[in-house]
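Can you build the whole structure from these sequences, using the hints too?
What follows is each chain in one-letter form.
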Amino acid sequence: MSYDTSTIDQETQDAISVDQAKGDFSFPENHKFDAGVGLSSDTVDYISNVKDDPDWVREFRHKGLKTFLDKPMPTNWATKDLENIDFDKIRYYLSDGQKPKRSWDEVPPEVLETFERLGVPEQERAFLAGVEAQYDSEAAYSNVKEELEKDGVIFVNSTEGLKEHEEIFRPWFGKVIPTGDNKFSALNSAVFSGGSFIYIPKGLKVKHPLQAYFRINSENFGQFERTLIIADEGSEVMYMEGCTAPKFETATLHSAVVELVAMKDAKIQYITVQNWSSNVFNLVTKRGMAHEDAEIRWIDCNIGSRLTMKYPGVVMKGERARGEVISIALANDGQHQDTGAKMIHAADNTTSNVISKSISVGEGRSTYRGQVHIPKNLKGCKNNTECDALLINSHSKTDTYPAITVRGNQHVTQHEASVSQVSEEMLFYMEQRGIPEAAAMSLAVNGFINELAQEFPMEYSVELKRLVELEMEGSVG
Amino acid sequence: MSLVIKDLHANIDETPILKGVNLEIPKGEVHAIMGPNGSGKSTLSKIIAGHDDYDVKSGTVTMGGVNLLEMDVDERSRAGVFLAFQYPAEVPGVSNANFIRAALQARMPDGEELDAVAYYKNLYSKMDVLEMDRKFTSRAVNEGFSGGEKKRNEILQMMMLEPKCCILDETDSGLDIDALKIVAKGVNAMRSEERGFLVITHYQRLLDYIQPDHVHVMSDGQIVKSGGKELALELEESGYDFLKEGELVNS
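Chains as they are written, first to last, in our numbering: chain W, 87 to 563; chain Y, 59 to 309.
Just so you know, the hints here were simulated from the structure itself, not pulled from any lab data. Every value quoted in this text rests on a predicted model; they were computed, and no experiment measured them. We put the CB at the ideal spot given by N, CA and C, even for glycine. Heads up, a few of these hints could be off.
Ranges between beta-carbon positions, derived for each pair [as the list claims (entries may be wrong)]:
| no. | chain 1 | residue 1 | chain 2 | residue 2 | range |
| --- | --- | --- | --- | --- | --- |
| 1 | Y | A176 | W | A489 | 50 to 60 Å |
| 2 | Y | D168 | W | H148 | 53 to 63 Å |
| 3 | Y | D130 | W | G466 | 51 to 61 Å |
| 4 | Y | L172 | W | K350 | 44 to 54 Å |
| 5 | W | N170 | Y | V175 | 46 to 56 Å |
| 6 | Y | E170 | W | K483 | 46 to 56 Å |
| 7 | Y | E189 | W | E233 | 29 to 39 Å |
| 8 | W | E233 | Y | D130 | 52 to 62 Å |
| 9 | W | K483 | Y | D130 | 26 to 36 Å |
| 10 | Y | P167 | W | E202 | 52 to 62 Å |
| 11 | Y | D111 | W | V123 | 56 to 66 Å |
| 12 | W | G183 | Y | V175 | 48 to 58 Å |
| 13 | Y | V187 | W | G466 | 49 to 59 Å |
In structure tokens:
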């Protein structure tokens, strides 16, 4: 899927580029609804009451809570840093009780200022078909271009989705990612709020991307958005999400669940530029289901957060379905990017592709975890997995855990992995041409991810390049 | 600006490599350094450029009276020192056009942007001199380049950066005669009253095409003989055997 970017001029590009320092600010809290600190069935009921949930949703939440409490922390394979999350100190729901506005003019001034500083309204005017802007637990703004609405596109928050569009929402909700998939998908199921519900009608190819922006403003807070995107037969959509938070002294939790459903012949591209501040635990479950001849691509870039654990997946349920994960991770001092992909082949002649590039700087650590599953009864399945790691300093760490399970002999799989360093000779060469060390380093890093950065829409690849440059500044000395 | 090297001593891991090098390259002149393998020719070029593998023990290197040894590698480059590498590094994923552009941008005052149109016009005209295909601009720096392409790329960068002092380290190695002629054409096009050249080579062949004003022989970390361009021809004929016989003529 492609869309026309030639109308974006340099000025617009500059205007929409955001950097990390830009996200480091916050406003005084102004919450009408606050679920308080800690998690219990009362917390769940509080959220259900505020949101006026239907009974089936309230039950869904309570089941989620029970599953969350029953499941152990996955520290048998994952980092011990998870134990530093204090679930009793987190606030699970904060909102001002307002419905999302359809016009920026109606959004509260401090919220408007927040998103203006992050460049969201400008981006919307420049190239987006629709925007949802979430502030703590709920969307403050949600709007989609009129012509898309006329065509039958639904783009609302999850609360509105489950109430107003239950007949489309409910059959798929929690089906791609069951509540018990993991401890954090269960947590999200208990306390979810915000996130997008999108439905693209049959045959409609949405030219411009839809965007969601997730903003955390409050301290000790947990953001648990829930997104469900359904692309009906033969339709196409591109969805982009961005996120920032101020850097607080205490840890913040972001734990989303994102489910995608691509019906026969449909295409979904889901693009993430994750730039959380370095106190955020980012523990996200993302999976898509691709039916016959459908295609799902996750294009995932992780630059921020303290710990990210995220393995976007595709279940290829119909014949000839295709799944792809393109991932870039940058781990700086104090960061651990634990990312990867899950490719589940569940029909004949399905194809998956995973390309992962990670960069570890200073004390940063990046981990690739992949799972490719091709069962015995299938034929003609293909997987290609490439993971390349770049280490900037001798203290940086990278590890790779690919798990490729292929049963039967009628399939083709390829796996390549590499670890490289920015060599002294390369730096000397660049510096001899007059390029200062930090600029040389960022040029080398941008070169390493260049091929993948091309996969992002132009507006985002410009931002990506700038973010990498900012990250590299001060990382050499 | 003259490049002046005085009594330069340098070590690598405690092993002395340069043992008192004296050399002056006035602007407008081309000097060649010849000598057997391991005599310290390449080390000299890297020390002038500022490579930190080497410990300078004593002596000075100045350009236009400015002490290069106190400057960082990139500062020396921007001051006008250019080294055409014997083995240029690869920079994967960074296109030649972007690389050279970044080098030129680094020379601009803060807040000023390079004019992209003028840049490409200039780049293409220099590439034409070196008979380089336009596709070359989008290829990653030196990645998958043949030996000849790498050397041409070095000369292209030199032409674009317009340095004051050009050091060519065994630029002829790995070149066939046609490529050698093209490279020499680029270098000769850059000869000017304002610019000095230091051409390091093992063979006299290159000097047929880049005619030096002076030829120096380096051996065991010192310049042991200096002369006009005819010295290169003598060396071609009789080799470096004279070094063993102790007939050393200090420069």
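Quick rundown of the hints versus the structure:
1. Between A176 of chain Y and A489 of chain W the CB atoms are about 53 Å apart, so this pair conforms to the stated range of 50 to 60 Å.
2. Judged by the Cβ atoms, the range 53 to 63 Å given for D168 of chain Y and H148 of chain W holds: they are separated by roughly 60 Å.
3. Separation of D130 of chain Y from G466 of chain W is about 57 Å and conforms to the stated range, judged on CB atoms against 51 to 61 Å.
4. Our hint of 44 to 54 Å for L172 of chain Y and K350 of chain W holds, since their Cβ atoms are close to 50 Å apart.
5. The hinted window of 46 to 56 Å between N170 of chain W and V175 of chain Y holds, with their beta carbons roughly 54 Å apart.
6. Checked against the given bound of 46 to 56 Å, the beta carbons of E170 of chain Y and K483 of chain W, roughly 40 Å apart, lie outside it.
7. Under the hint 29 to 39 Å, the C-beta atoms of E189 of chain Y and E233 of chain W, about 54 Å apart, miss the expected range.
8. For E233 of chain W paired with D130 of chain Y, a C-beta distance near 57 Å keeps the hint of 52 to 62 Å intact.
9. Distance hint check for K483 of chain W and D130 of chain Y: the Cβ-Cβ separation is about 29 Å, which falls inside the suggested range of 26 to 36 Å.
10. For the hinted restraint 52 to 62 Å between P167 of chain Y and E202 of chain W, the CB-CB distance of approximately 32 Å leaves it violated.
11. One distance hint, 56 to 66 Å for the beta-carbon pair D111 of chain Y and V123 of chain W, holds here, with the actual separation near 57 Å.
12. A hinted range of 48 to 58 Å holds for the C-beta pair G183 of chain W and V175 of chain Y, which are about 55 Å apart.
13. Hint check: V187 of chain Y to G466 of chain W, Cβ distance near 54 Å, so the stated range 49 to 59 Å holds.
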